[in-house]
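All chains should be built: construct the whole structure from the sequences, respecting the hints.
Number of protein chains: 2
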Amino acid sequence: MTKAKLPPRGTRKRDVPLTETGIYAAALRLIDADGVDALTMRKLATALDANPMSLYHHVPNRDALLRGVARAVGAQFRTVTLENAAWQERIRLLATDFRTLAHRHPNLMAYSFSQPDFIQPEDPFWAALTATLDAAGVPHSEIRPIAALMCAVVIGVLTAELNGALHQWSNLEPIVPADGEEGPADAGPEEDRMFRLVLDTIITGLESRLITDGDAQGADRSLATEAGSWTSEPSFGPRQPSGSGSRWPDPV
Amino acid sequence: MTKAKLPPRGTRKRDVPLTETGIYAAALRLIDADGVDALTMRKLATALDANPMSLYHHVPNRDALLRGVARAVGAQFRTVTLENAAWQERIRLLATDFRTLAHRHPNLMAYSFSQPDFIQPEDPFWAALTATLDAAGVPHSEIRPIAALMCAVVIGVLTAELNGALHQWSNLEPIVPADGEEGPADAGPEEDRMFRLVLDTIITGLESRLITDGDAQGADRSLATEAGSWTSEPSFGPRQPSGSGSRWPDPV
DNA sequence: ACCTGAACACCGTTCAAGT
DNA sequence: ACCTGAACACCGTTCAAGT
Numbered sequence: 030m031t032k033a034k035l036p037p038r039g040t041r042k043r044d045v046p047l048t049e050t051g052i053y054a055a056a057l058r059l060i061d062a063d064g065v066d067a068l069t070m071r072k073l074a075t076a077l078d079a080n081p082m083s084l085y086h087h088v089p090n091r092d093a094l095l096r097g098v099a100r101a102v103g104a105q106f107r108t109v110t111l112e113n114a115a116w117q118e119r120i121r122l123l124a125t126d127f128r129t130l131a132h133r134h135p136n137l138m139a140y141s142f143s144q145p146d147f148i149q150p151e152d153p154f155w156a157a158l159t160a161t162l163d164a165a166g167v168p169h170s171e172i173r174p175i176a177a178l179m180c181a182v183v184i185g186v187l188t189a190e191l192n193g194a195l196h197q198w199s200n201l202e203p204i205v206p207a208d209g210e211e212g213p214a215d216a217g218p219e220e221d222r223m224f225r226l227v228l229d230t231i232i233t234g235l236e237s238r239l240i241t242d243g244d245a246q247g248a249d250r251s252l253a254t255e256a257g258s259w260t261s262e263p264s265f266g267p268r269q270p271s272g273s274g275s276r277w278p279d280p281v
Numbered sequence: 030m031t032k033a034k035l036p037p038r039g040t041r042k043r044d045v046p047l048t049e050t051g052i053y054a055a056a057l058r059l060i061d062a063d064g065v066d067a068l069t070m071r072k073l074a075t076a077l078d079a080n081p082m083s084l085y086h087h088v089p090n091r092d093a094l095l096r097g098v099a100r101a102v103g104a105q106f107r108t109v110t111l112e113n114a115a116w117q118e119r120i121r122l123l124a125t126d127f128r129t130l131a132h133r134h135p136n137l138m139a140y141s142f143s144q145p146d147f148i149q150p151e152d153p154f155w156a157a158l159t160a161t162l163d164a165a166g167v168p169h170s171e172i173r174p175i176a177a178l179m180c181a182v183v184i185g186v187l188t189a190e191l192n193g194a195l196h197q198w199s200n201l202e203p204i205v206p207a208d209g210e211e212g213p214a215d216a217g218p219e220e221d222r223m224f225r226l227v228l229d230t231i232i233t234g235l236e237s238r239l240i241t242d243g244d245a246q247g248a249d250r251s252l253a254t255e256a257g258s259w260t261s262e263p264s265f266g267p268r269q270p271s272g273s274g275s276r277w278p279d280p281v
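Going down the list, the sequences are from chains C and F. The numbering used here numbers the first residue of the first sequence as 30 and each following residue consecutively. The numbering used here numbers the first residue of the second sequence as 30 and each following residue consecutively.
Worth flagging that the hints you see were computed from the coordinates, not collected in a lab. Everything numeric in this text was worked out from a predicted model, so none of it was measured. There may be inaccurate statements among the hints.
[Claimed, not checked] If we take Cβ atoms under 7 Å as the criterion, some of the chain C residues that face chain F in the derived model are: (1) Leu95; (2) Arg173; (3) Pro174; (4) Ala181; (5) Ala189; (6) Ala194; (7) Trp198; (8) Met223; (9) Val227.
[Claimed, not checked] Restraint-style ranges between C-beta atoms, simulated for each label pair: (10) F:Arg71 with C:Lys72: 16 to 26 Å; (11) F:Asp163 with C:Gly193: 21 to 31 Å; (12) F:Asp163 with C:Tyr85: 51 to 61 Å; (13) F:Asp92 with C:Ile240: 47 to 57 Å; (14) F:Lys72 with C:Pro81: 18 to 28 Å; (15) F:Ala62 with C:Thr110: 43 to 53 Å; (16) F:Pro145 with C:Ala101: 22 to 32 Å; (17) F:Pro168 with C:Pro81: 54 to 64 Å; (18) F:Pro46 with C:Ala54: 48 to 58 Å.
Heads up, the beta-carbon is just placed ideally off N, CA and C, and yes, glycines get one too.
In structure tokens:
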């Protein structure tokens, strides 16, 4: 890297030739800031201090650009390490990692979630999910449909969380304003609790189905004893993923 | 513009002044045909045989137009009649009616599902859902979060069905082609089965939670005896909503 | 009151021409 | 090989002017 060639004057943003990955990185920055719709080939070019038409030398078109950004970000996440914990915990870990990624780049993920090819058969994520369902005792013919449904469910809940629908729906039927000022506080912990609630509910539902179908080979411990109650406090719970690799973004 | 001046081709589409509802109807036709992104103020105007700028006299802008179309179509559905069946069946009915609407206008609903204000507190649908959860014995403080999560889950599954993700994910890991030609057939019945599967799973999960929390006042009958098995045939099942109002669109 | 033509400020993308 | 200016075919929307 030749540093001797100093930029002409002032803040030149790019002293290096255009690269596909560099274009993706700049696009991700713009998407994080203003959303996918606001990302424009022309605005991206000026952010890169380049001519708009130069981009087309590295990226076929805008759609391919977005796909590339989504793929690059997804690669951050698809390297989930498996452990030999109970399948319930492994599913929880996969889902919370998914959610962490959604929190990190909400604008991009809201777009990615609407793309049908967001999850690919080669993804380590898909392999981990299907392997977990297999370990749980799901019959082989049902593993892929169940995995697909779980992806759809988690994506649906995350989409509703990201666009604010979850929060708005939970607060429907506005309560009459009492004397004290009870602001709706920050949305964070309540949505944490709701996410755990869906996860627990579908896991419990899966367990029931596995047990009903005769002895399931992998589901020997019932979650009934540790099932959270309706009235469990949002501030803490026994359902925290036991720090086995799921790290949460700083509450902003 | 006098009537004597006819457009070149004889079929004049509009001999009546522009109306807000007429604009919505024409917009819905275009959306059904080509999707929301392809709906353009200019194309809509030519479809109505009007000047593009005339539309702005009845509709503030394109966003308001789309909201209006979504609201008009949603009103078709939000008049769900409640019965006094078991809460499980009532939830199934609400969900399948939702799905019927999604099948009738897939392009529009794929857009509506991404709008956070698609479900409003005044909707009969929301009232029916919360009343059903209340009847099931869900504690009052949890009714709205649970209803919100069920909406998010159903919307997630329907979105994945509409954009083909559900079908694609289910067919991941391509099977080695055996001797016989086992084509993937039509996507319809398999997705019917998957939709019932999610519904049953979350209903079973809810039942478990209700029973675990001590006696739930409304859940006296267990679904265990009628719970479908993993290997139930897709062609029929005991889970059909008993013809109590859920009508399916003609399989196209 | 309702409609309209012209115009503005944007888009994504093509293409021939530069170096 | 990489880049670029000009241009094309679209957008949503504003606005002054028509009837």
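Results for each hint:
1. Leu95: At about 14 Å, which exceeds the 7 Å cut-off, the nearest Cβ of chain F leaves the hint on Leu95 (chain C) violated.
2. Arg173: Since the shortest Cβ distance to chain F is 5 Å, the answer is holds.
3. Pro174: holds, 5 Å
4. Ala181: Status holds, d = 4 Å.
5. Ala189: Interface hint status for Ala189 (chain C): holds (4 Å vs cutoff 7 Å).
6. Ala194: holds, 4 Å
7. Trp198: holds, 4 Å
8. Met223: holds, 5 Å
9. Val227: At about 5 Å, which falls below the 7 Å cut-off, the nearest Cβ of chain F leaves the hint on Val227 (chain C) intact, so it holds.
10. F:Arg71 with C:Lys72: 16 to 26 Å: Check passed, 24 Å falls within 16 to 26 Å.
11. F:Asp163 with C:Gly193: 21 to 31 Å: holds, 25 Å
12. F:Asp163 with C:Tyr85: 51 to 61 Å: With a Cβ separation near 57 Å, Asp163 (chain F) and Tyr85 (chain C) satisfy 51 to 61 Å, so the hint holds.
13. F:Asp92 with C:Ile240: 47 to 57 Å: At 49 Å between Cβs, range holds.
14. F:Lys72 with C:Pro81: 18 to 28 Å: holds, 26 Å
15. F:Ala62 with C:Thr110: 43 to 53 Å: Hint holds: Cβ distance 47 Å, inside 43 to 53 Å.
16. F:Pro145 with C:Ala101: 22 to 32 Å: holds, 27 Å
17. F:Pro168 with C:Pro81: 54 to 64 Å: At 57 Å between Cβs, range holds.
18. F:Pro46 with C:Ala54: 48 to 58 Å: holds, 53 Å
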